[in-house]
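Asker: Spelled out from the first residue to the last, the chains are:
Number of protein chains: 2
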Amino acid sequence: MRVKIFVSLKEGVLDPQGKAVERSLHSLGYGEVGEVRMGKYMELSLNLSSREEAEARVREMCARLLANPVIEDYRFEIQE
Amino acid sequence: MRVKIFVSLKEGVLDPQGKAVERSLHSLGYGEVGEVRMGKYMELSLNLSSREEAEARVREMCARLLANPVIEDYRFEIQE
Numbered sequence: 001m002r003v004k005i006f007v008s009l010k011e012g013v014l015d016p017q018g019k020a021v022e023r024s025l026h027s028l029g030y031g032e033v034g035e036v037r038m039g040k041y042m043e044l045s046l047n048l049s050s051r052e053e054a055e056a057r058v059r060e061m062c063a064r065l066l067a068n069p070v071i072e073d074y075r076f077e078i079q080e
Numbered sequence: 001m002r003v004k005i006f007v008s009l010k011e012g013v014l015d016p017q018g019k020a021v022e023r024s025l026h027s028l029g030y031g032e033v034g035e036v037r038m039g040k041y042m043e044l045s046l047n048l049s050s051r052e053e054a055e056a057r058v059r060e061m062c063a064r065l066l067a068n069p070v071i072e073d074y075r076f077e078i079q080e
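If you read the protein sequences in the order shown, they are chains A and B. Using the working numbering, the first residue of the first sequence is number 1, and each one after it goes up by one. Using the working numbering, the first residue of the second sequence is number 1, and each one after it goes up by one.
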């Protein structure tokens, strides 16, 4: 199984990296760009056969290590 | 328009951050995890009305600033 995990900052949490990218894009001439928010993207393979078990395990991994639930949201997609 | 951009390391490029996450997951008891690859995830808003123009502009932004085409691949999704 392949899992894609997307971690992004919660609404309202300051994102200085996103702001820096936004300013760089503006100075390169991309004035049409509005707000930029940065996040993390992870791909991992899982040696499990049950989709339910995979979902539960990935949710646990996100809560314990991959995302910081205080300031970040996550979502994931599982492909068989 | 909202754009989601996913940047990941090309196949074969060493990913020490992914390796570190992989080892941490193993030591937390997630032995079912195989290879982990880390990437970047960005969300941005665009003040454009044509989808074709948006695609061309985002492709250009990725090539010039958001991804390093030597070691990274990117893909993006545009939502109206």
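Heads up, some of the hints might be wrong.
Pairs involving identical chains hold if they fit within one copy or between any two copies, as the list cannot separate such chains.
[As the list claims (entries may be wrong)] Straight-line C-alpha distance at most 27 Å; calculated BS3-like pairs for lysine-lysine: (1) Lys19 to Lys40; (2) Lys10 to Lys40; (3) Lys40 to Lys4.
For the record, the hints were derived by calculation from the structure and aren't laboratory data.
Asker: Decide, hint by hint, whether the structure agrees.
Answerer: Do the hints match the structure? See the list:
1. Lys19 to Lys40: both (16 Å within a copy, 15 Å between copies)
2. Lys10 to Lys40: Both, since 13 Å and 16 Å are each at most 27 Å.
3. Lys40 to Lys4: both (11 Å within a copy, 12 Å between copies)
Violated hints: none; the structure is consistent with every hint.
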